[in-house]
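Protein chains in written order, with the working numbering: chain A, 22 to 467; chain B, 192 to 496; chain C, 12 to 297.
Incorrect hints may have been included.
Straight-line Cα separation of at most 30 Å, DSBU-like style, residue types lysine-lysine; simulated pairs [what the hints assert, rightly or not]:
1) Lys198/B / Lys82/C
2) Lys195/B / Lys204/C
3) Lys106/A / Lys25/C
4) Lys204/C / Lys377/B
5) Lys198/B / Lys377/B
6) Lys377/B / Lys82/C
7) Lys490/B / Lys204/C
Simulated from the structure, these hints should not be mistaken for laboratory data.
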Amino acid sequence: MKKTMLALITAITVMGTLVGCRAGGQETPASTTETTTAAPTVSVAGEADRKGEIHYVSMWNETEPQAEVIKAAAEEFTTMYPEVKINIDWMGRDTLKTIKASLDAGQVDIWDQGINTVIAQYNDYGYEMSELYAAPSDLLGGKSYNDVANPVLIKSVEQFAADGKSHGVPYQPNIVAVFYNKDLFAQAGITGEPQTWTELMDVCQKLKDAGITAFSFDDGYIILPFAMYLGRLKGADFNKALVSDATGTTWDDPAVKQTAEAMQEMWDKGYVSKNAASNKYPAGQNEVAMGEAAMYLVGSYMLNEVREITGDEFNWGTFSFPSPEGAVMPTTANSIGMNIMQIAKTCKDPQLAFDFITLLTTGKYDTMMSKQCNAIPNTVDTPWPAVLAPAKPVLDSTTENVAYSFYINSNSNFTPIYKEQAQKLLGGQIKADEFIANCKAAVMGK
Amino acid sequence: MNSKSKKIMIACFTLPATLCFLIVFAYPVLRTILMSFYNIDNIVSRMSEWQFVGLGIFTELLNTSLFRQTWVTFLKIWLFGGIAVTLIALTMAVILTSGIRGKAFFRAAIYLPNIISAVALANMWIHYAFNVRWGLFHSLFSFLGWDKMAEFQWTAPDNLFLSMMIAFCFGAVGYYMLIYISGIEKIPADIYEAARIDGASIIYSFFHITLPLLKGVFRTTMTIWTTSTLGFYIWSQMFSSNRDPSAQIMTPTYYMMRSTFGDMTSTFTANNAGLGAAICVMIMIVAVIVFTAINRIIKDDDITF
Amino acid sequence: MKKNKTVPSVNWRKEARLLPGYIIITLWVTFTAFLIGWIIVASLSTTKEIFSNQMLASGLHFENYSYVWVKGNMGKYFFNSVIYATCSVAGTVILSAPCAYALSRFKFFGNRTLTNLFVLALSVPQIMVVLPLYTIAVSLNLLNHRGTLIFLYICLNVPFCTFFLINFFSTLSRTFEEAAAIDGCSPIKTFIKIMFPLAQPGLITVSIFLFVNIWNEFFIAMIFASDNETRPLAYGLYSMIQAMTTTGKWAELFASVVVVFLPTLILYIFLSEKIIAGVTGGGIKE
């Protein structure tokens with residue numbers, strides 16, 4: 022009897038919420054998946070003497086599209102060279118929990134993770150790549166890896182490493198930029214893309230005049246605007262010093278005040294979504310995806326995340342975070358994130374491991390990876406997936422890679438406090454002075 | 192009974208459980224305490240790679256304002272959450288034992304959130320209940336015409352703690368209510384009967400019969416509450432964003448997880464297992480202090496019926 | 012069973028006195044229903060509808076469920092969770108029940124100490140023990156094995172289970188045992204033949220508690236069994252949330268929430284009376 026009642030209430034529950042829901046709304050077009058078109062096969066000449074075993078500890082889950090591509094590449098590689106065996110452990114993102122033990126024990130040949138982790142903690146475990154990069158390869162039709170790979174990516178790895186050398190192969194890059202709704206821009210009569218902060222403010226004003234919310238934020242990426250404005254103005258090293266300065270004097274710099282006031286101005290002038298302070302990820306990016314706001318500052322993977330909402334018809338545009346007047350860091354410096362495939366130092370045959378990585382990250386499989394996973398390709402020749410195409414001009418114009426958030430997150434004891442302050446500042450809950458005072462106090466450990 | 196066979200039986204009965212205790216509690220606790228005196232680069236580092244720093248990590252932690260703040264947060268959860276959950280759970284327990292109809296159904300329905308994983312509940316709260324634009328609270332208050340309340344930014348930094356506590360306590364109430372109900376039902380009905388004949392109201396009986404007789408139950412619930420709030424982690428994680436934690440809802444356990452196993456998205460977390468162990472030790476010390484206090488305040492004079 | 016009682020005529024005065032109580036719990040339960048109902052409705056909508064508050068505008072999307080079950084691997088995780096929960100509960104009860112019986116019935120050297128240790132273990136926050144256990148698991152190459160997680164769940168739950176059953180056994184009458192002892196029954200036999208059946212309500216209660224807890228357990232699973240093959244549902248759900256940054260499939264997320272939640276709900280609907288009967292001591296009271 023009571024069982025039935027409980028079952029009944031469950032049913033009623035559902036019904037109740039149904040009634041509570043607003044009915045109506047338009048049909049959503051079914052999102053179309055891209056079909057894989059035949060890509061030119063890499064011409065492979067001779068050198069069938071490859072043999073040995075490769076143990077790859079993967080950061081992907083077996084069900085993810087990345088894994089399917091990797092599997093296909095491994096299969097082709099072992100078919101081409103029957104004496105090669107590739108063992109893959111699909112660990113998922115948690116490789117970090119066990120990788121050190123495995124690396125120490127010499128059980129790993131290849132493994133992968135996000136660039137920051139690999140370079141900051143495991144740089145010394147990786148084989149140095151420069152010779153392998155420079156050597157011509159039959160898998161690349163006689164060209165070297167350096168000839169085909171995107172130089173910005175390779176340079177990033179060297180630039181972030183303590184010894185300035187490359188200890189891993191970058192793949193699946195992403196870039197942080199302002200993503201906007203071209204249709205809304207057109208509706209407000211905006212033609213160009215803003216390069217400077219002043220131009221950005223003009224754009225915001227025009228959007229506002231047209232009754233459009235210019236910017237949307239949520240707590241996922243709210244640490245970026247202040248960080249990138251200040252980074253452009255004073256350089257990334259300034260940001261680094263700012264968040265670790267126990268004396269707090271860096272916060273008295275007029276540039277900090279200027280930046281905080283620029284953020285406050287955005288709110289004061291009504292350019293920011295009124296929910297900016299309370300938006301929880303992904304509420305902010307969804308506002309843009311639903312056409313309720315025009316711009317969002319984020320990594321390019323966002324395009325993929327909101328695809329369920331936008332479909333493939335959405336008219337995205339992208340521009341690099343604009344630079345304020347007197348900036349030392351031009352708009353050609355941006356944050357490019359990527360994953361790194363590292364060949365372990367203990368690997369018995371680094372050349373063989375590299376050959377497999379070469380096959381996987383160039384040509385056919387690079388195309389396949391970018392198509393099936395909607396990732397930015399590694400090599401300059403590979404066509405971009407349509408979803409990410411808007412980010413291409415920004416990546417192509419980028420000559421310098423600066424770490425995510427221009428190092429404002431480099432003090433892990435400060436980031437959570439800073440994040441809240443940034444939410445409040447951009448969400449109009451505090452003024453620039455309070456923001457600076459609160460951050461300064463937190464940095465000083467008060 | 193033969194005393195030797197009795198001894199064998201007791202040994203057979205108690206040894207396996209004791210062994211479990213030794214492996215999973217005694218040894219790890221001791222080793223964690225040891226670890227807290229060392230700098231340990233990686234949690235799987237061999238002991239020979241550890242660097243002895245004495246109480247260095249403890250002083251370092253106590254000098255970190257974010258870490259100190261996590262303890263304030265814990266205290267707020269423990270105290271305010273504890274009061275709220277106790278009051279609500281007791282009210283529910285009293286109502287349900289007052290002879291209402293459909294008791295079993297209501298009891299089951301109120302306990303229901305306990306069987307849903309916290310990850311699921313947290314998502315529902317964040318994306319539905321607290322949504323400023325079309326969330327449950329927004330719709331409810333708009334319907335009631337309380338426009339000020341309808342515009343309340345539940346998940347803004349200063350309100351995030353409150354929101355998280357509402358979500359957490361809502362789920363916790365049912366569990367404690369069950370414990371209180373079983374406590375109340377152990378109180379013989381004739382005591383209430385006698386009180387009623389004497390003309391006592393429900394409220395009078397509650398304060399003069401129920402509460403005093405529930406002393407032992409309170410001790411149990413306080414112990415359970417303390418343990419669960421000291422391990423408070425997943426709600427903080429879920430109520431932070433996909434990337435960076437929010438300072439005001441960080442708990443010691445969350446801080447420990449972040450510094451030991453690293454943040455998925457940030458390179459700059461410490462990754463010192465010794466630091467993680469030191470935080471564990473602090474949590475343990477607090478636990479011991481709280482439990483001692485509970486046992487002192489609520490004496491072991493179990494009321495038996 | 013008890014339904015042959017004649018329904019007494021409604022005592023309106025009494026009901027009126029209880030009205031405030033009715034109102035409070037009805038509101039609470041309605042609120043709960045809305046929250047849980049929303050999850051269920053969200054799981055049948057599209058992501059776009061969820062975030063524009065137009066849920067179910069395009070009909071029911073049961074494909075969310077087939078997606079999470081097959082592509083999202085929830086089927087596999089479901090199987091894992093079933094194994095973890097059943098094995099761990101069985102193991103815990105088998106280890107705890109005799110121990111609790113011995114501790115509650117016999118006076119012996121170390122009895123009080125052992126009881127106190129279990130109570131102490133009850134209050135050890137789990138994070139206090141995970142670091143060394145994790146180190147051991149890594150060095151013995153036992154990470155991401157089903158057996159490791161089951162072993163840990165058993166050991167971690169033994170103190171609670173023992174503590175619970177000590178209390179339960181002490182509510183049981185000694186008359187049967189005394190009778191059995193007089194008949195010359197050995198203590199072990201007495202336990203298996205008489206106490207175990209007598210203790211059933213308590214054992215069921217604690218089993219269900221443990222089952223639901225282990226089913227929803229997240230923290231230990233995250234650390235010890237997080238790979239694709241061994242992760243249980245609750246952690247699978249979490250990893251799915253992490254993967255949201257590449258998929259954005261929120262409707263599917265809520266579908267997996269329901270997949271995690273439904274078995275415990277069904278179990279609960281059918282067994283909630285037993286839980287409560289166990290907690291309140293059932294028919295054992297003379």
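Results of checking the hints against the structure:
no., hint, verdict
1, Lys198/B / Lys82/C, "violated (56 Å)"
2, Lys195/B / Lys204/C, "holds (21 Å)"
3, Lys106/A / Lys25/C, "violated (79 Å)"
4, Lys204/C / Lys377/B, "holds (28 Å)"
5, Lys198/B / Lys377/B, "violated (34 Å)"
6, Lys377/B / Lys82/C, "violated (50 Å)"
7, Lys490/B / Lys204/C, "violated (37 Å)"
Violated hints, in rising order: 1, 3, 5, 6 and 7; the structure is consistent with all others.
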